[in-house]
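Required output: the full structure, derived from the provided sequences and hints.
Protein chains: 2
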Amino acid sequence: MKTKNLQQHAPLFMGIDGGGSHCRVMIQDEQGKTLGQGKGGPANPVYGVQQCKDSIIKATRDALHEAGLDDNAMTRLVVGGGLAGLHLPQMQEQMQAWQHPFAALYLTTDLHAAALGAHQGMDGGVIILGTGFSSLAACKGKLTQVGGYGFPINATCSGAWFGLEAVKAVLLDADGVGLSTSLTQALLETRCATELAEAFMHATATDYAKLAPLVFEQADVGDKVSLGLIQQGAAFINQVIRRLLACGVTRLAMIGGITERIKPWLDPQLVMTVGPALASPQQGAILFAQQSHKQMNKSKEQR
Amino acid sequence: MKTKNLQQHAPLFMGIDGGGSHCRVMIQDEQGKTLGQGKGGPANPVYGVQQCKDSIIKATRDALHEAGLDDNAMTRLVVGGGLAGLHLPQMQEQMQAWQHPFAALYLTTDLHAAALGAHQGMDGGVIILGTGFSSLAACKGKLTQVGGYGFPINATCSGAWFGLEAVKAVLLDADGVGLSTSLTQALLETRCATELAEAFMHATATDYAKLAPLVFEQADVGDKVSLGLIQQGAAFINQVIRRLLACGVTRLAMIGGITERIKPWLDPQLVMTVGPALASPQQGAILFAQQSHKQMNKSKEQR
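Line by line, the protein sequences are chains A and B. Here the numbering used here is used: position 221 in the first sequence is 221, and no number is missing along the way. Here the numbering used here is used: position 5 in the second sequence is 5, and no number is missing along the way.
Calculated from the structure, these hints are not laboratory results. Incorrect hints may have been included.
Since the list gives no way to pick one copy over another, a pair counts as held whenever it fits inside one copy or between any two copies.
[Said to hold, decoys possible] Straight-line Cα separation of at most 20 angstroms, SDA-like style, residue types lysine to any residue; simulated pairs:
#1 Lys53 to Ala103
#2 Lys168 to Ile153
#3 Lys168 to Leu179
#4 Lys168 to Thr204
#5 Lys210 to Pro152
#6 Lys58 to Asp71
#7 Lys168 to Pro152
#8 Lys298 to Leu105
#9 Lys142 to Ala193
#10 Lys168 to Arg243
#11 Lys210 to Ala186
#12 Lys168 to Leu88
#13 Lys39 to Met74
Below is the structure:
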């Protein structure tokens, strides 16, 4: 009876990887056994704090369901949240103020969680190329962040950047003041330029990022404008890799939806430094939750 | 007594030139005598329909005040409004639904009003380079619009574009992955890169446009990044001028806050086709109000 009670009340750990297009969560027991995973909508608080919270709750419910647990089990979850946009003090404040339903919630950036996962705590760099762009080098206890300031001010080679540049190119082509591109046929197949502009009038980074695959598709069939964008994006990522290596790291991981698409375009010498991530950002977020929870309990004991 | 009554009830004409940073209005009597002028805040409905209406009302009050009239005189105003963003059907609908306080309100684009003013109804082209970019060629009854789809999807060489590109350049420089630029000292004098990013997190075109003068200032003292942006912007406007001339117009006018700054950088051969505007966009908007009002009264008489 005692054992059963203990099991029922044993803490469970959950890691969140939250980005501009969706968030993924993973629940593990104390032994590191994965019990369930879940997926939710956009979870970058910059583009909506409430939406970010809703997406996390939705993904958590899915993961609990997969684990055979009901919503009440949320109170057992010790959560590590690695969220895009969380390097911004405003966003940290707003997310810290959340009256969340978990046992505990420890927040950090998606970048930090990704680095923890990718190198399992060892020195290394990480580049996230999804909806947005950000990167980090962790070397001898020093963290150096490059990028991650958000879209549209700092997003070269990200999904959102490819999408925005595609829309820009199409509108110039349609007006006869830009290079001819097959992106135009693709985006104006069922609408005129004004309708395209209206559709993107209040578009978010997530909306733009949906167009990124199209740019790679059109490059594959020889579209010069698409090729030019990819080359521009790749040149930037080469620069970023050099910058991270200059911090002293020797091992890099690249993650996010654009990664596999852009890799063939990068400098082969630099790509040699990019290895597979040892574990997922969700796993890194769990690691962060465990480390933070341990430290928190320790400081409680000391009081 | 009768004469005085007539004067009190004689219609007055007002023209509005509404853009992303501010709006300007001008009130004239039936004889074309200017009675007052006023200025208000941003009046591009894409960035806020309510703000656009508020800005117009504020500017109208100022102009009435200058004309020695009180707010009640709004009901005497036959208004022509040339507003940025009004080529978009959604914006037309929302602005047409306005329960405005005027005798009549006839809406068109800022571009159309500018062209009417610049060429007094004659054939010609007009380029607006203010917060945003748009252009129009009116030739033999045919209107060809180039650009004007809005920021950030279609704004090269506009104030907002210069501002956004400046912020982008500064963040890359600060991270050590971009060209060195004196824009960095200028923008990060009192804050770090993250604070700059936070300040522009939800920035509008109007916010970005405020940085445009800085780019021209830094170019003047030899900053290569600023020079590069200006050359890129100028190359685009050269292309636009060629496109408008290809429509058959021989006379162009350029208006908006960026115009005088960019002109020295344009192809001198092309600049030769750019002459002074015969009258202001507000005057063009009054012309539009008068033409529209005449037509409306005519169709009323026919019913």
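Hint check results:
1. Lys53 to Ala103: This pair counts as within: shortest intra-copy Cα distance 16 angstroms, inter-copy 49 angstroms.
2. Lys168 to Ile153: Both: 16 angstroms inside a chain and 5 angstroms across chains, each within 20 angstroms.
3. Lys168 to Leu179: Answer is within; shortest intra-copy Cα gap is 11 angstroms, inter-copy 24 angstroms.
4. Lys168 to Thr204: both (15 angstroms within a copy, 18 angstroms between copies)
5. Lys210 to Pro152: Result: close both inside a copy and across copies, 15 angstroms intra and 17 angstroms inter.
6. Lys58 to Asp71: within (10 angstroms within a copy, 53 angstroms between copies)
7. Lys168 to Pro152: Classified as both: same-chain Cα gap 13 angstroms, cross-chain 8 angstroms, threshold 20 angstroms.
8. Lys298 to Leu105: Classified as within; 16 angstroms inside a copy, 70 angstroms across copies.
9. Lys142 to Ala193: Between copies only: 18 angstroms across, 48 angstroms inside.
10. Lys168 to Arg243: between (29 angstroms within a copy, 17 angstroms between copies)
11. Lys210 to Ala186: Within one copy only: 13 angstroms inside a chain, 35 angstroms across chains, cut-off 20 angstroms.
12. Lys168 to Leu88: between (28 angstroms within a copy, 17 angstroms between copies)
13. Lys39 to Met74: within (16 angstroms within a copy, 56 angstroms between copies)
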